[in-house]
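Visitor: In case you want the letters, here they are:
Protein chains: 2
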Amino acid sequence: MNQFELHILGCGSALPTRRHLPSAQVLVVRGKQFLIDCGEGTQLQFRYTKLNYNKILDVFISHLHGDHCFGLIGLISTMGLLGRHAPLTIHAPGNLENLMKPQLDYFCKELPYEVRFSPFDSGKHACIYTDRSLEVYTIPLRHRIPTSGFLFKERQNDRHILKDMIEFFNVPLREIPAIKAGHDYITEAGERIPNGRLTIDPTPSKSYAYISDTLYTESIIPYIKGVDLLYHEATFCEKEKDTATVTFHSTAKQAGCLASAAGVKKLLIGHFSARYTDDNVLLNEARNTFGQVELANEGLCLEI
Amino acid sequence: MNQFELHILGCGSALPTRRHLPSAQVLVVRGKQFLIDCGEGTQLQFRYTKLNYNKILDVFISHLHGDHCFGLIGLISTMGLLGRHAPLTIHAPGNLENLMKPQLDYFCKELPYEVRFSPFDSGKHACIYTDRSLEVYTIPLRHRIPTSGFLFKERQNDRHILKDMIEFFNVPLREIPAIKAGHDYITEAGERIPNGRLTIDPTPSKSYAYISDTLYTESIIPYIKGVDLLYHEATFCEKEKDTATVTFHSTAKQAGCLASAAGVKKLLIGHFSARYTDDNVLLNEARNTFGQVELANEGLCLEI
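Top line first, the protein sequences correspond to chains A and B.
Here the first sequence stands for residues 0 to 303, numbered as in numbering that gives the first Met the number 0.
Here the second sequence stands for residues 0 to 303, numbered as in numbering that gives the first Met the number 0.
Think of the hints as simulated: they come from the structure by calculation, not from any bench.
No experiment lies behind these values; they were computed from the predicted model shown.
Where hints are given, some of them may not hold.
Which copy is meant is left open, so a pair is good if it fits within one copy or across any two.
As a list, the in silico SDA-like pairs of lysine to any residue whose alpha-carbon atoms are at most 20 Å apart [said to hold, decoys possible]:
#1 49 with 202
#2 108 with 293
#3 31 with 127
#4 49 with 276
#5 108 with 144
#6 108 with 96
#7 240 with 276
#8 265 with 200
#9 123 with 287
#10 108 with 98
#11 49 with 273
#12 238 with 190
#13 238 with 111
#14 49 with 17
#15 108 with 97
#16 108 with 92
#17 100 with 29
#18 54 with 30
#19 108 with 286
#20 238 with 50
#21 54 with 175
#22 108 with 299
#23 240 with 286
#24 100 with 63
#25 54 with 14
#26 54 with 173
#27 264 with 157
Extracted from the complex, chain A is given alone in its bound form:
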């Protein structure tokens, strides 16, 4: 099975507590690590996982609030001390480069690798990253400043070859990639063998949607429909709904409703307000509207 694994490094909100660190996650797809948000302390949290700093391929920042990006400068600096050479691309809305440049120029002037900034339009749903196995799409959110969620979508896997049939029809090796991609096979005698006789359906592609921070908005449903795992912020309880509305955040109940409406397989809630000493009140609230919910927590690792 292809690795598609989520590590929670931080799932608190802006105010620090003893229980949670600010937002940071790592999605590992077939050995490649993608960092999602980077609150203060992210580099320290790495030390409590089996993850390796220098395997981070790209960084995706949802929005430019401090609890989602204050850890970047320390992480960038440490990756330099540890001898990183591969360029690091940071996808973020707005002009993060301008904000970080004075510090990068001063504190990281001897960095042995290149930091590239790749700004995106948080108002649009667009593909901002693609490789052989993964596509990453932005999901426009409704927060106090331009904010985007992310959809991580494994690319369509190859169809599985039926070895017996390949031997039976004497298919030459060079034709295999085309057959795995779904093409029919034409024998040397000119006979067409339909792909369905040579292959079976591929392993379903996996998908993960990261939604933080946002006001409750059904506009995201088409983008997150049926994902294997949805992380949705649940900063507040329904009792604090007014505060949620004013601060452009969601309640646990709203996260559950969205998960249900989008028919996702599993919901993970996070971005907990510092006011809750027991996050189970949020869990229970979300569970009333959606069955498959789990609380995010530092150190949690989910195989998707």
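Guided by the hints, dock chain B onto chain A, whose structure is given.
Guide: Quick look at chain B alone, frame taken from chain A:
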């Protein structure tokens, strides 16, 4: 007894480990909190102490390496969220204001208090802070970039009044401040009563010297002579002396030698390299040259 208390929030060096956080300390003098260096994670560490963010009076940054100041932006931002109103002064060598300004303007534009930068010349020994009870002096160090240690010196306490003698000579209340300050008393009849008959010596003033990061340098001895507590970096063991020299750091043995030469009352070592899984090797080495040594550790609180 006047409060003069040191809290260690972080005593590691640049590379993060599970054992230590980067440099940060709080000195509490009669209820006033002074933050010394502010590595990443400082604001999180506050949550593990009885300290209160918004009681921080001034911040003293020894030098502009990331492991000594990357926690500033998060702390400044959080103090704003918690409703700080008192201005915050940050003393630092170099132009920290220029480095932080783009981020302060962007992330902290609604800050309810003022952040003031007070640059100092790290090449000079000078008084950079003074109030009724405390003076803070810079101590020029030898590191790869301009770096300064700090001497925190309680101001001369008042002489203790001998109540019986004050009554005996019928000293009016208005004369007490002058007598506490050491002046003689002239009676209404014109007789001079020497101060020594009216008072006894004050409680000795306390002092704390913070030395991090530096190459071994005896030039600091006159500034730290006889202090009650000396924090000195001990990044390496004597076995790694060459690495210490190249990176402009000290060994534990060197810290002990300096403490001994300066006749300090107690030595606290810190800024441990990530390579040591047991800091006791550093402690034992320092103990060979100076008797009163202790290892810094996160959470340690010393009453000076």
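Visitor: State for each hint whether it applies.
Guide: Results of checking the hints against the structure:
| no. | hint | in the structure |
| --- | --- | --- |
| 1 | 49 with 202 | neither (27 Å within a copy, 54 Å between copies) |
| 2 | 108 with 293 | neither (42 Å within a copy, 36 Å between copies) |
| 3 | 31 with 127 | within (17 Å within a copy, 50 Å between copies) |
| 4 | 49 with 276 | between (28 Å within a copy, 18 Å between copies) |
| 5 | 108 with 144 | between (30 Å within a copy, 13 Å between copies) |
| 6 | 108 with 96 | both (15 Å within a copy, 18 Å between copies) |
| 7 | 240 with 276 | within (18 Å within a copy, 48 Å between copies) |
| 8 | 265 with 200 | neither (24 Å within a copy, 72 Å between copies) |
| 9 | 123 with 287 | neither (32 Å within a copy, 65 Å between copies) |
| 10 | 108 with 98 | both (16 Å within a copy, 13 Å between copies) |
| 11 | 49 with 273 | between (28 Å within a copy, 17 Å between copies) |
| 12 | 238 with 190 | neither (68 Å within a copy, 77 Å between copies) |
| 13 | 238 with 111 | neither (50 Å within a copy, 28 Å between copies) |
| 14 | 49 with 17 | between (22 Å within a copy, 13 Å between copies) |
| 15 | 108 with 97 | both (16 Å within a copy, 16 Å between copies) |
| 16 | 108 with 92 | between (24 Å within a copy, 18 Å between copies) |
| 17 | 100 with 29 | neither (32 Å within a copy, 40 Å between copies) |
| 18 | 54 with 30 | within (8 Å within a copy, 46 Å between copies) |
| 19 | 108 with 286 | neither (49 Å within a copy, 38 Å between copies) |
| 20 | 238 with 50 | neither (38 Å within a copy, 31 Å between copies) |
| 21 | 54 with 175 | neither (32 Å within a copy, 70 Å between copies) |
| 22 | 108 with 299 | neither (35 Å within a copy, 34 Å between copies) |
| 23 | 240 with 286 | within (17 Å within a copy, 59 Å between copies) |
| 24 | 100 with 63 | both (15 Å within a copy, 16 Å between copies) |
| 25 | 54 with 14 | between (29 Å within a copy, 17 Å between copies) |
| 26 | 54 with 173 | neither (33 Å within a copy, 72 Å between copies) |
| 27 | 264 with 157 | neither (23 Å within a copy, 72 Å between copies) |
Checked against the numbered hints given earlier, the structure breaks hints 1, 2, 8, 9, 12, 13, 17, 19, 20, 21, 22, 26 and 27 and satisfies all the rest.
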